[in-house]
Amino acid sequence: RKEVEQDPGPFNVPEGATVAFNCTYSNSASQSFFWYRQDCRKEPKLLMSVYSSGNEDGRFTAQLNRASQYISLLIRDSKLSDSATYLCVVNLAGSQGNLIFGKGTKLSVKP
Amino acid sequence: DAGVTQSPTHLIKTRGQQVTLRCSPKSGHDTVSWYQQALGQGPQFIFQYYEEEERQRGNFPDRFSGHQFPNYSSELNVNALLLGDSALYLCASSSLDRGNEKLFFGSGTQLSVL
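Quick mapping for you: the protein sequence lines, in order, are chains A and B. For reference, each letter of the first sequence is one residue, going 10 to 120 in the numbering used here. For reference, each letter of the second sequence is one residue, going 58 to 171 in the numbering used here.
Derived from the structure by calculation, the hints contain no laboratory data. Honestly, I wouldn't trust all of these hints.
Claimed, not checked - Below 27 Å or equal to it, Euclidean Cα-Cα: the simulated DSSO-like pairs (lysine-lysine) are:
(1) A/Lys112 - B/Lys159
(2) A/Lys54 - B/Lys159
(3) B/Lys159 - A/Lys115
What the hints assert, rightly or not - Selected chain B positions facing chain A (in silico; Cβ < 7 Å):
(4) Phe102
(5) Gln105
(6) Ser151
(7) Phe162
(8) Gly165
C-beta: ideal position from N, C-alpha, C; glycine also.
Work out the full structure, taking the sequences as your base and the hints as a guide.
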């Protein structure tokens with residue numbers, strides 16, 4: 010079983026749609042959780058950290074369920090500029106900077 | 058404030074050759090991590106350097122080696138290149154004081170092995 014698994018995608022949605030990405034992780038010692046965004050042929054950039062209480066940043070909402078080892082990202086009112094690959098990322102306790110990335114889910118927002 | 062810079066941006070090598078990639082961390086950061094991203098995959102952790110020493114290592118053979126200099130910049134060396142080493146190599150910098158959790162990535166070096 011892969012350490013971090015994501016929806017395979019690609020997700021093709023119209024502008025204004027709401028889209029949800031799911032991710033599961035296998036190591037219960039995982040301590041920190043993130044969503045990164047990666048544009049084609051560019052470096053990954055931190056989109057948001059994910060907390061047990063859930064957190065929201067504008068149109069983006071992230072949720073963490075430690076019991077189910079499940080992470081989600083919800084994008085509301087999607088824009089053309091949201092088109093990118095979204096990477097689910099986990100950091101094990103004590104690993105300090107050794108991030109484990111999922112394969113990513115590609116999102117394409119169409120006019 | 059310069060972010061993480063990597064050089065070169067693109068590189069073409071042939072099997073069996075050796076390559077050196079370079080990285081300068083973001084100002085104020087003392088830790089450098091290297092990742093390999095094959096096409097269609099997420100980045101995979103190679104190793105991390107702090108205080109000029111390798112602190113952690115991922116599941117990569119010892120053909121992959123590195124170095125960190127007193128100014129915190131770093132090099133990644135790959136010997137005896139294989140076709141499967143073709144990938145985007147990403148350098149990420151962070152600060153140990155902040156737990157190294159927030160990584161800032163450079164734009165990467167695209168290595169093609171022919």
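Going down the list of hints, with the structure as the test:
At roughly 19 Å between alpha-carbon atoms, A/Lys112 and B/Lys159 fall within 27 Å of each other, so this suggested pair holds. Pair hint A/Lys54 plus B/Lys159 holds up; C-alpha atoms about 10 Å apart against a cutoff of 27 Å. With a C-alpha separation of about 23 Å, the suggested pairing of B/Lys159 with A/Lys115 holds against the 27 Å cut-off. Hint status for B/Phe102 relative to chain A: holds, with the closest Cβ pair at about 5 Å, below 7 Å.
Interface hint at B/Gln105: satisfied, since its Cβ lies 5 Å from the closest Cβ of chain A, which is below the 7 Å cut-off. Interface restraint check for B/Ser151: the shortest CB-CB distance to chain A comes to about 5 Å, inside 7 Å, so the restraint holds. Annotation: interface hint on B/Phe162 holds; nearest CB of chain A at approximately 4 Å, less than 7 Å. Using the Cβ-Cβ criterion of 7 Å, the hint placing B/Gly165 at the interface with chain A is satisfied: the shortest such distance is roughly 6 Å.
This entry satisfies every hint, going by the numbered hints stated previously.
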